[in-house]
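Take the sequences, apply the hints, and build the full model.
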Amino acid sequence: MTRASAIDIQDLTVRFADDSGWRTAVRSLSLQVREGEVVGLIGESGSGKSVTSSSLLWLLPLGDRCRLTAERLDVLGLNVLDATEREMRNLRGAQAAMVFQEPMTALDPLRSIRRHMHDVLLAHKPQSSRDAYALSKQLLSEMGIEDPDRVLHCYPHQLSGGMRQRVLLAMAFSCNPRLIIADEPLTALDVTTQHQIVKLVRRKTQESGVAILFVSHDLSVVRSLCERVYVMYAGEVVETGPAHHVLTRPHHPYTQGLLASRPELFAPRTRLDTIAGQAPSGADAAEGCQFRDRCPHAFEKCSVRPPLQASAGDPERASACWLEGAI
Amino acid sequence: MIGIVIRRLIALVAIIIGVTMVTFLIARVIPGDPALLLAGPNATPDVVAKIHEQLGLDRPLHVQFASYLDGLIHGDFGVSIVTRRPVLEEITSLLPATLELMLTAMVLGLFGGVSLGVAAALYRNRWLDHVIRILSVTAISMPGFWIALVLLYLFYGVLGWAPGPGRFDPLLTPPPSVTGFLLVDSLLALDFRAFASAASHLALPAITLAVLSIGAGMRLVRGSMIEALSQDYIRTARAFGLPERKIILSYALKNALLPFITVFGLELASLIFGSVVIESIFSWPGLGSFVLSAIFALDFPVIMGFTVCASVVYVFANLLVDIVYLLLDPRVRGIG
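Protein chains in written order, with the working numbering: chain E, 11 to 337; chain S, 39 to 374.
Please keep in mind that the hints were generated in silico from the structure rather than gathered at the bench. Yeah, the Cβ is synthetic: ideal placement off N, Cα and C, and Gly gets one too. Some hints could be false.
[Unchecked claim] Label-pair restraints from in silico Cβ distances: (1) E:TRP32 <-> S:SER268: 17 to 23 Å; (2) S:VAL362 <-> E:ARG272: 48 to 54 Å; (3) E:SER30 <-> S:LEU330: 46 to 52 Å.
[Stated by the list, open to error] Where chain E lies over chain S, by a calculated footprint (3+ residues, C-beta under 8 Å): (4) 125 to 137; (5) 304 to 311.
What follows is the structure in structure tokens.
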């Protein structure tokens with residue numbers, strides 16, 4: 011536990027305004043990723059995963075309609091809250107890179123892959139375009155692309171989603187970052203491609219010792235890839251701990267529900283469990299546990315918000331539930 | 039890509055023939071007999087009939103059209119009824135003045151529209167955006183001749199900054215004609231006094247014409263720029279730490295220009311016909327004022343010659359626009 015932290019978030023709150031008022035997308039969230047660690051961040055759509063990951067590189071549309079407060083927001087030792095635009099630019103892409111969910115729209119349709127990659131390489135390290143080309147080629151081959159020369163001369167519309175995500179991953183790894191924030195990088199891809207990309211990411215992390223915050227709603231990928239995991243619900247962390255433990259013996263009723271609502275291939279034919287009800291929109295500043303309305307175990311005490319508490323039996327784990335461990 | 043251009047060129051020929059035919063028909067259908075005008079109020083029917091015969095107006099319509107087309111192909115646009123000089127000669131002698139005005143207005147309109155649009159998009163919903171938008175609505179809703187009069191009154195009448203009407207100071211000797219563009223010719227002759235005179239005469243009419251296209255262009259660029267800036271690839275570019283300048287000019291603007299380029303080709307029509315009015319107001323010795331007097335005199339060979347030339351210019355400009363579009367957008371280039 012002496013490793014320095016790659017991400018250190020304390021008490022992050024992000025709120026968005028729309029016509030009906032303010033909504034809380036992320037509520038007093040704290041999250042740590044140590045150098046070289048692969049950490050999963052899971053939760054259903056709208057639980058605030060992407061907002062959290064975007065805030066790390068200060069990519070939120072902050073202004074009249076979006077407010078961010080935090081006790082601490084450090085990325086690789088840089089205090090993002092007070093960083094200048096120049097400091098942020100040196101962080102982005104060079105030290106902390108980000109991969110997004112939608113490879114189909116994440117690349118400029120009017121720019122060739124070669125120019126995309128050169129732009130990133132040249133933005134962070136002056137070099138001849140010949141060197142940049144050679145490096146781009148090497149990066150693409152490392153991502154399992156067999157004919158990098160052809161791909162470099164392609165435009166995004168000529169490549170499949172899987173190829174584009176490989177290109178984006180190559181861009182992310184291009185400046186040897188110490189941290190990669192992967193915001194649902196597999197969601198838009200088919201299963202075989204997902205599998206290949208997971209293998210690639212695993213190999214690259216072992217080789218380079220890069221820390222990864224892996225945002226996903228795919229529990230099995232997170233379980234196989236990540237050391238630790240954070241489970242988010244309605245903008246809050248409800249459970250955290252070693253990925254394998256949390257995702258096999260969950261403590262929080264929400265995590266239990268998530269696990270139960272996965273179809274199993276070889277299980278006897280039963281009705282698939284789902285979590286009843288809908289996630290709160292964040293509009294109502296509801297008191298108490300956010301999961302209360304959908305929780306099968308809810309009781310009177312749930313009208314008071316449970317803090318995220320370390321588990322009695324396992325100090326590495328924590329969950330935000332009054333019944334912690336008892337269910 | 040070359041295939042696309044060749045196909046467009048073939049379509050061009052068809053369009054130009056079509057325009058010629060329509061122009062020809064309209065010219066013949068419109069009531070009003072140029073022969074009567076030429077012959078004067080006291081002419082006998084005999085004289086009028088003779089003029090008819092001279093001008094070929096007594097022959098069947100399709101024969102007239104065929105001989106007109108035949109003439110066009112051989113560079114014969116007929117003879118002006120009023121000046122008695124070949125139409126093509128008149129047009130080519132006046133064309134440089136008009137083209138100089140139009141090209142200057144185009145460049146001003148292009149840069150003005152794009153830069154104001156980008157500025158408005160970057161400062162969206164702030165005071166700069168509001169000011170630019172109010173200006174653009176004003177520019178769109180004011181007729182060209184009104185803008186011309188206001189500018190003339192202000193900069194010539196009140197402030198005295200601009201020279202009076204015309205294209206060149208009559209007291210100076212114009213530079214030897216090489217391209218016909220006074221700005222270029224005076225620079226080629228290294229005659230900077232002539233250049234200053236030409237530029238100052240050009241300023242007001244060019245600005246008037248440009249204002250019309252700036253208003254519309256600015257709104258379009260603002261909208262498409264805002265849309266481009268909200269795209270995922272802009273977020274990607276930011277997340278990879280690219281310089282903001284590069285993101286705006288090289289990623290967002292390039293995408294935002296696609297719809298603008300298309301519309302700019304169409305805008306050219308209003309530029310051509312706007313110049314007819316504006317030239318008369320500023321006494322610009324170009325095609326516009328010449329054609330306007332031809333219209334009043336029912337000088338059909340001139341009107342038709344101008345229309346055919348204008349359609350050729352317009353159609354070629356739009357071909358150019360298509361080629362630029364092809365160069366910018368790999369998706370329509372048909373790769374892959």
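Quick rundown of the hints versus the structure:
no. : hint                              : result
1   : E:TRP32 <-> S:SER268: 17 to 23 Å  : 22 Å, holds
2   : S:VAL362 <-> E:ARG272: 48 to 54 Å : 52 Å, holds
3   : E:SER30 <-> S:LEU330: 46 to 52 Å  : 59 Å, violated
4   : 125 to 137                        : violated (count 0)
5   : 304 to 311                        : violated (count 0)
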